[in-house]
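Undergrad: Chain by chain, the residues run as shown.
There are 2 protein chains.
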Amino acid sequence: MSGEQEGIRYRRAQSVTRAEEIQAVKQKVRKSQPDKPIHKPRDSLLSWNSGFENFTGFVNWAFLLLSIGGLRLLLENFIKYGIRVDPVQWFYILTGQDEQGTEHPSIVLILYSVVPIIFCLLTEKALAVEIISRRMGMMMHVVNLLVLIFLPMVVIHYKDGFSLVGASTVTTLYSVLFLKLWSYVQVNLWCRNARQSSNNKSLRRQSLSYNNLPKDEDSNKNHKDSKDDLSNTERLLVQYPDNLNLRDLFYFLCAPTLCYELNFPRTERIRKRFLLKRIFEVLAGIQLILCIFQQYMIPSVKNSLIPFSNMDVALASERLLKLAIPNHLAWLCMFYILFNSWLNLLGEILHFADRNFYGDWWNANNIDTFWRTWNLPVHRWALRHLYFPLVELGYGKQVAGITVFFISAFFHEYMVSVPLKTYKIWAFMGMMGQIPLSNISKFMERSYGARMGNIVVWASLIIGQPLCIMMYYHDYVITHYGQSLLEDYGHV
Amino acid sequence: MSGEQEGIRYRRAQSVTRAEEIQAVKQKVRKSQPDKPIHKPRDSLLSWNSGFENFTGFVNWAFLLLSIGGLRLLLENFIKYGIRVDPVQWFYILTGQDEQGTEHPSIVLILYSVVPIIFCLLTEKALAVEIISRRMGMMMHVVNLLVLIFLPMVVIHYKDGFSLVGASTVTTLYSVLFLKLWSYVQVNLWCRNARQSSNNKSLRRQSLSYNNLPKDEDSNKNHKDSKDDLSNTERLLVQYPDNLNLRDLFYFLCAPTLCYELNFPRTERIRKRFLLKRIFEVLAGIQLILCIFQQYMIPSVKNSLIPFSNMDVALASERLLKLAIPNHLAWLCMFYILFNSWLNLLGEILHFADRNFYGDWWNANNIDTFWRTWNLPVHRWALRHLYFPLVELGYGKQVAGITVFFISAFFHEYMVSVPLKTYKIWAFMGMMGQIPLSNISKFMERSYGARMGNIVVWASLIIGQPLCIMMYYHDYVITHYGQSLLEDYGHV
Chain D
0 MSGEQEGIRY RRAQSVTRAE EIQAVKQKVR KSQPDKPIHK PRDSLLSWNS
50 GFENFTGFVN WAFLLLSIGG LRLLLENFIK YGIRVDPVQW FYILTGQDEQ
100 GTEHPSIVLI LYSVVPIIFC LLTEKALAVE IISRRMGMMM HVVNLLVLIF
150 LPMVVIHYKD GFSLVGASTV TTLYSVLFLK LWSYVQVNLW CRNARQSSNN
200 KSLRRQSLSY NNLPKDEDSN KNHKDSKDDL SNTERLLVQY PDNLNLRDLF
250 YFLCAPTLCY ELNFPRTERI RKRFLLKRIF EVLAGIQLIL CIFQQYMIPS
300 VKNSLIPFSN MDVALASERL LKLAIPNHLA WLCMFYILFN SWLNLLGEIL
350 HFADRNFYGD WWNANNIDTF WRTWNLPVHR WALRHLYFPL VELGYGKQVA
400 GITVFFISAF FHEYMVSVPL KTYKIWAFMG MMGQIPLSNI SKFMERSYGA
450 RMGNIVVWAS LIIGQPLCIM MYYHDYVITH YGQSLLEDYG HV
Chain Y
0 MSGEQEGIRY RRAQSVTRAE EIQAVKQKVR KSQPDKPIHK PRDSLLSWNS
50 GFENFTGFVN WAFLLLSIGG LRLLLENFIK YGIRVDPVQW FYILTGQDEQ
100 GTEHPSIVLI LYSVVPIIFC LLTEKALAVE IISRRMGMMM HVVNLLVLIF
150 LPMVVIHYKD GFSLVGASTV TTLYSVLFLK LWSYVQVNLW CRNARQSSNN
200 KSLRRQSLSY NNLPKDEDSN KNHKDSKDDL SNTERLLVQY PDNLNLRDLF
250 YFLCAPTLCY ELNFPRTERI RKRFLLKRIF EVLAGIQLIL CIFQQYMIPS
300 VKNSLIPFSN MDVALASERL LKLAIPNHLA WLCMFYILFN SWLNLLGEIL
350 HFADRNFYGD WWNANNIDTF WRTWNLPVHR WALRHLYFPL VELGYGKQVA
400 GITVFFISAF FHEYMVSVPL KTYKIWAFMG MMGQIPLSNI SKFMERSYGA
450 RMGNIVVWAS LIIGQPLCIM MYYHDYVITH YGQSLLEDYG HV
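One line per chain: the protein sequences are D and Y, in this order.
Mapped onto numbering that gives the first Met the number 0, the consecutive letters of the first sequence carry residue numbers 0 to 491.
Mapped onto numbering that gives the first Met the number 0, the consecutive letters of the second sequence carry residue numbers 0 to 491.
You may find that some hints are simply not true.
Straight-line Cα separation of at most 30 Å, BS3-like style, residue types lysine-lysine; simulated pairs [said to hold, decoys possible]:
#1 35/D <-> 158/Y
#2 39/D <-> 124/Y
#3 276/D <-> 39/Y
#4 35/D <-> 396/Y
#5 271/Y <-> 39/D
#6 35/Y <-> 25/Y
#7 27/D <-> 200/Y
#8 124/D <-> 35/Y
#9 124/D <-> 271/Y
#10 30/Y <-> 200/D
#11 271/D <-> 396/Y
#12 25/D <-> 200/Y
Reference listing, derived: stretches of chain D covered by chain Y, where coverage requires no fewer than 3 residues with Cβ under 8 Å from a Cβ of chain Y [claimed, not checked]:
#13 34-44
#14 55-61
#15 156-167
#16 187-199
#17 260-267
If you only want the chain Y side, here are some residues facing chain D, beta carbon under 7 Å, derived [claimed, not checked]:
#18 60
#19 193
#20 258
#21 361
Treat the hints as calculated values from the structure; they're not laboratory data.
Cβ atoms here follow ideal geometry from the backbone N, Cα and C, with glycine treated the same way.
When you get a sec, could you build the whole thing from the sequences and use the hints?
TA: Set out below in structure tokens:
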């Protein structure tokens, strides 16, 4: 290695200063020669010795090549399939209307969700005024939440007439409600506990103050002053149990957060330009995602059926990679629309000031960091309402971490399997796959630097999702239309 | 705009410091509340107000997506065409052997190139010893060089049995020889002129020294000393006409430069590891390029024939973009192999120390910079032997620039049209297209920043070349196989 690293050495350059002098004079003389010399000893830029490191142009190159490749795929797709985008179909998909009937079981289920909400609020009110015992109240909450989460599973499974989008909306809504009500119940529990202990304390303090009379009047007065100041500002804040009303609960249910608290930070005014931009992004983004689905993903997924069944590795990989790119783009759009446009829109309308909905997961150097940063509402809920409470109860951090992970895996599975009515474990497996993946990405980060870790994260995002989608599609078709369809396809 | 730029303001924040105090106290009180608040006023990272700008992860994303897209195309290609790589065919292509006979007209032409070289050297020798007049010598050189450049044109056009690769090798070799001999002749002319003027000067000095006798002996002695020093080192350098020998000429002809000078900078030793790496790169790189050609470019180009003839814009564009990416990759490989591996290999063997074969053209922000940096041997030749001499002759810089541009266009056309025997002007038009393109890229650079200029340069590289290739291929097929083939294709 050293032989190459030393760069180009020149004749006589190794001899001492006398030689160098000669060299310098020679160079000077060479310059004055009549043959107008232009060559001088230099390394090529791409040689290691040159020390040249400016390759920023290749970043532009990569993005340009990516755009050109994308444009070509777009053209190829249009030539092959024509225009598949059909807004009429969107209407049917989005409203959950299909040929089978005019029932709207999804809408019924969505409207029904008010029931467990009211039930939860009433239970809390009963607990606040101590009509029912704490044990009884907690029992009622647990039953209410369990019914909330299992009701859609049962209804969607046994009742026909659910569209895929309708059923997905229902399971998403019920999942979110479950998390929000859990937070609501737990925060109110904290407040009740605090009220009780402060009552106990003030009782104790009263009994104490009778025993030890004030020694230092001045300090006591100061203390009282600052206490007054505190209670003055405390009066600006909503205090338990004043928060237990429908208005406050519905504000929380609409607010872009899963964590309840009594006094959310508020913005002063609604920025109209900001709001209009977010509304436009949501409307345009949904159209874009639907276009990507109809035009790119559905044909790719359909074409993948045979290779996946026949275990044709080359063809299946090709299909997988073909699906990967539009799927990934749709996911990116979905992320932006949901976490930036939609949640900011909600926040703006509701004067909700905390817009910290996602971190810079695109720079994540390992899978753990990605999971910690891409979905902050869920991440913060999991920390505040599952991880820390478990740790406080005396469980180890590892146990708490694993619990969070399994609950997360359950909800992933719930939001996919229930609408599809395909109780396969691909989403669950996908979540489980995160554990070895996390170790791989950390290993890559340690061994090959942060860049390599980031690439592993991106690769798992780009490849992992379409793999699960294909698995589900394959199983969905097999279970619902049987082997016969597969054979029909095989003959084409 | 200002409404959005100001970010999220909070209730009462506009009131004076008293309000801010309250806010601070309130925040403190909120922290101590039993509901464990976690929300605080913040903007989303992707909002303008957040000021967040770290998107380095997306650079990795782009490169990864590019690799995945490339991998898919690779798989698709193998599934569609099977393995097209056929080393046996390479042998035929590279040796220029084909079915028509065992003649090797390319090799004959390559060997014949010694004749103009020797003729050039003899003419120079004759000029040096003043056997022939300068006018006569220059006439002989001009005729020799013109014959040199037009001979392959005539022979390849009228003689059958040239393979495409053989004919390309011949035209490339003769082009390089033309430029090198031009440089050789011009440098020797400069030396002769210098010798003549110094003879005249020394004659004049002799006649002068008789008239004015030395007044200051000491200064004169000093002067003589430094002159002695100079002539000592000058003795280390080769002086005209000692350079006029076969060894020196052939060293120059083999050396990785187009600009002749009497004393090239030399390296001290051959770095064996460096040399082995370059040899490996050349061998592996040629295989890679041939694979790209056989497996990707030839099928794409063949499939483009019908859409280009029928002026089917969508299909033709799709074909063009499909061809663009392997073509561009092949071009990048070719650049690296030729300019880094091959020229460094030659330089290392010949102890040639100036390895400045290319600049950082990948960062070029406009087309002009690209042309000035991507091919330094030709660029330096054009400056030294065409541009500056023309300027010195009193022509304007613009005239000189245009002349360089046209000679460059001629050689591009020469090296493409002659081997293809298709005297269409696509390569020439491609060169002409650089003028408006240069203006566009400069406009983009000025209006949208350096990044945009760089993107225009890359786009012209990625799209421009395959467009020319398709034009040539189309015309080649039409002129050599006629309309009938096209119609045959049409029926398939």
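Undergrad: Of all the hints numbered above, which does this structure not satisfy? Sort the numbers upward.
TA: 1, 9, 11 and 15
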